[in-house]
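Student: In order, the protein sequences belong to chains A and B.
Residues 1 to 369 (the numbering used here) are what the first sequence spells out, left to right.
Residues 370 to 853 (the numbering used here) are what the second sequence spells out, left to right.
Keep in mind that a hint or two might mislead.
Over 12 Å on every C-beta distance to chain A, these chain B residues come out as not near it, computed from the model [said to hold, decoys possible]:
1. Pro393
2. Thr405
3. Leu468
4. Leu486
5. Ser519
6. Lys526
7. Ala557
8. Arg690
9. Gly700
10. Ala726
11. Asp744
12. Glu759
13. Cys774
Quick list of the computed label-pair ranges, beta carbon to beta carbon [unchecked claim]:
14. A/Glu237 to B/Asp802: 51 to 61 Å
15. A/Gly205 to B/Arg466: 46 to 56 Å
16. A/Ala27 to B/Ala726: 49 to 59 Å
17. A/Thr184 to B/Leu468: 50 to 60 Å
18. A/Thr184 to B/Arg463: 47 to 57 Å
19. B/Arg830 to A/Pro339: 41 to 51 Å
20. B/Asp419 to A/Gly205: 33 to 43 Å
21. A/Ala66 to B/Ala755: 32 to 42 Å
22. A/Pro87 to B/Arg463: 54 to 64 Å
23. B/Arg466 to A/Val248: 38 to 48 Å
No wet-lab data here; the hints were simulated from the structure.
Predicted model, so just to flag it, every value in this text is computed and none were measured.
All residues carry an ideal CB built from backbone N, CA and C; glycine is no exception.
Here's the letter readout for the chains.
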Amino acid sequence: MSQGNATAAPLRPTDLRSLRDAVLDTAGTVGIAGAGTAAGWAGRLAPVDAVLDTTGLAGVITHNPADMTVAVRAGTRLRDLQDELAPHGQHVAFDAARVTDGATVGGLIATADAGPAALVHGSLRDLVIGVTFVLADGTVARSGGHVIKNVAGYDLAKLLHGSYGTLGVLAEVVLRLHPRPERTATLVIPCSLEEAAAHTATALGGPHEPTAIEWTSDGVLLVRIEGTAGALDARLERLRAALGAGEVADADPWERHAELVRGEPDLATLRIGVRPSRLPGVLADLPTRTVTAGLGTGVATVTLPPDAVAAAHARVHAAGGVSVLRSRPEGATAPAWGPPPSALPVLRAVKAELDPQGRFGPGRFDPWM
Amino acid sequence: MTIDSRVVRAFEAALAPEDVISDPVRCRAYECDGLTGYRVAPELVLLPRDAEQVAAAVRVCHEHGVPFVARGAGTGLSGGAVPVADGVVISLARLKRVLEVDPVDRRAIVEPGVTNLEITAAAAPHGLYYAPDPSSQQVCTIGGNVAENSGGAHCLKYGFTTNHVLSCEVVLPDGSLVTLGSDTGEQAGPDLRGLFLGSEGTLGITTKVTVRLLRTPETVRTLLADFPSVAAAGDVVSDIVAAGIVPAAVEMMDTLAIEAAEEAVHAGYTVGVPAALVVELDGPAEECDEQFEQVKQICDRHGCTRLHIAGSPEERAAIWRGRKAAFAAVGRISPDYFVQDGVVPRTRLAEVLDRIAAMGEAAGLRVANVFHAGDGNLHPLVLYNAAAGETERAEKLSGEIAELCVELGGSLSGEHGIGADKACSMPKMFGVDDLEVMRRVRSAWDPRGLCNPGKVLPTPRLCGERPGKYRPHPLEEAGVIERL
Chain A
1 MSQGNATAAP LRPTDLRSLR DAVLDTAGTV GIAGAGTAAG WAGRLAPVDA
51 VLDTTGLAGV ITHNPADMTV AVRAGTRLRD LQDELAPHGQ HVAFDAARVT
101 DGATVGGLIA TADAGPAALV HGSLRDLVIG VTFVLADGTV ARSGGHVIKN
151 VAGYDLAKLL HGSYGTLGVL AEVVLRLHPR PERTATLVIP CSLEEAAAHT
201 ATALGGPHEP TAIEWTSDGV LLVRIEGTAG ALDARLERLR AALGAGEVAD
251 ADPWERHAEL VRGEPDLATL RIGVRPSRLP GVLADLPTRT VTAGLGTGVA
301 TVTLPPDAVA AAHARVHAAG GVSVLRSRPE GATAPAWGPP PSALPVLRAV
351 KAELDPQGRF GPGRFDPWM
Chain B
370 MTIDSRVVRA FEAALAPEDV ISDPVRCRAY ECDGLTGYRV APELVLLPRD
420 AEQVAAAVRV CHEHGVPFVA RGAGTGLSGG AVPVADGVVI SLARLKRVLE
470 VDPVDRRAIV EPGVTNLEIT AAAAPHGLYY APDPSSQQVC TIGGNVAENS
520 GGAHCLKYGF TTNHVLSCEV VLPDGSLVTL GSDTGEQAGP DLRGLFLGSE
570 GTLGITTKVT VRLLRTPETV RTLLADFPSV AAAGDVVSDI VAAGIVPAAV
620 EMMDTLAIEA AEEAVHAGYT VGVPAALVVE LDGPAEECDE QFEQVKQICD
670 RHGCTRLHIA GSPEERAAIW RGRKAAFAAV GRISPDYFVQ DGVVPRTRLA
720 EVLDRIAAMG EAAGLRVANV FHAGDGNLHP LVLYNAAAGE TERAEKLSGE
770 IAELCVELGG SLSGEHGIGA DKACSMPKMF GVDDLEVMRR VRSAWDPRGL
820 CNPGKVLPTP RLCGERPGKY RPHPLEEAGV IERL
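Work out the full structure: start from the sequences and follow the hints.
Tutor: Written out as structure tokens, the structure reads:
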């Protein structure tokens, strides 16, 4: 785990109080660590004085199945949470690849990660309804609540989403839940990226309501349908007829998809988001080795040589999109971010307000701030 | 006029002289929003025609320390658009163009003055629609929806404004123009867009909104069911949830609400029945039909006394007409009323309704209830007669209901926002540190404190040092507003 050269052993609080105390009792800069599944994402963490390991903050606080909400400690691995929810027929409608690797709820929020199901369910910013977090000065604050419908106060969870541990430490998270689908099936269509784009238009232009549409550089389009057991076969047939192609997968094709998303040690991994219709054009211009492309979402994960990353950021930016580096080979340098957002002054002002001494996550948003 | 004439000329140069309104008679039209009891006359009303003029107007405010309040259609129910004394109103009414509808990427780009329903109308030719559907959607603007993070009857399944806005162009309180969000759900850095959404006009003014459009569902099935009690209707909703069904909408009305609505629009509701449920499912035909059968059976299991299934789009429209008429309709059974907005965990709905009934009895006032049964968002309608001197009692009851929701683990507001109306109740829901952090974040966006000040967060001036039980509205106590 590349967490810089902290001088002491990681702090590993096990509850909110000891988390706050850990923040207060340590001086200097702090790197916030989860399960380590995304430690190398975004800007490299600068050398820090202390590492705060959040994996001790684990466990469900309350699960209200009838209200479809769950409150959980931020260091809980999402896959463990899903296992606890499953017997109640519920889940967090979120399928990022690294969930199976043990990523924590807090880490998934901090990195703004998302999986193919974002086509219908969005990312965690759409699923988090309340947070408790600790600021660099030890202040403990809450926003949101325990109900899905809530507009009271500022939604500070959104600020922490994608903040890479630079604004605060997540301690507790309240999530809205969905029923687990009775059945799931995926159509697999061998095709090129261009053909996949046409199939996507067909799938989205009809009544099929797919949960995920992803093309991979294995040369296949995966279209996932979820829902009631009684209706699924009919829906699959209708979709297959509309596409004029596709076989229902026997094994789980999404494991291979996750493998591609994880990348490889000798390549850089870049996450891209552009208007869906522009995605194929952008991908065609990048020297990608592997690709997973959400043709309905416009979100793709690609691997490419580290020296191609800078140009890739520029190409994505030219298409009006955003990009962030997820990994770089050992010893290689590559820019983590493209050009900064126009709202950078506000970002800096919020950082200055919540972490005036720049304690948390130094380097994560280099060179922006 | 407390605004210096130099400043007035600066506004006139930024816009055009005829777009800067100082005539007190014309300004009065902007002195309140949907919460008509709270009125403050603004010094000036500005009517910019485009984003650059909005930015220029805000720059003048910033330079000269003039507080400003943005205004859409003025339909808000929490006083969020009530002007600030000695300040200006910046109306977004003239920014009302639909700039683009993209059926391929399923999105639309609109100016903030476009109404919610206009977006759906513009998308309809492509078989698309804009999902969040507040009941005021014919008149409320998308800019206002962004400010409030508006919901509507279909938000249990489809989410709120924040789930359907990809990005917005925003004029920050210093007059600079930035874009928040991106073309997709993927983001680079903290979700400033998500923070801005629902910030009730206190962090800036949106001048352009990019929204997601959804494909109109293949099948919609709607039923109206009568029940012998609110508890029975609540049990139906519990069973629907337990069955793993997420309805597109589940609405409940009690006897009083039904009586009022039926008298107003004759939509075919059963007058006198204790509770009625509207349940709507949508989706692919096979799935929709299968789940609809399950819902019917669940209704039967809980003693449904009448089940009316919409057999045509007209019948469906009639059912919704009845539900949507409820607020205005209570005006027929009561001279005056307050619309309240609160949320409780769905499982505590029956409990909160019992408590509200008891509180109403104790106060000697009737309360009609309409609510989004699927997500626990209540809209108690506190009925009173101002002429009989019942206003203060009604207001007290209304405020206590909102705070009761917090006591039961819910929220002060599900849709209407905190605005001016509930700012002083915020300490009931959030701790001192919570509110302080919110204030710090706000000050990062608005260091000079000019952007819709006095809204959302309690201030010592308006709320006193230790807000306790109900007392007269702080704006009234401060002599800032008059009660009509």
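Student: Could you tell me which of the numbered hints above are not met by this structure, giving the numbers in increasing order?
Tutor: 5, 6, 7, 11, 13, 15 and 17
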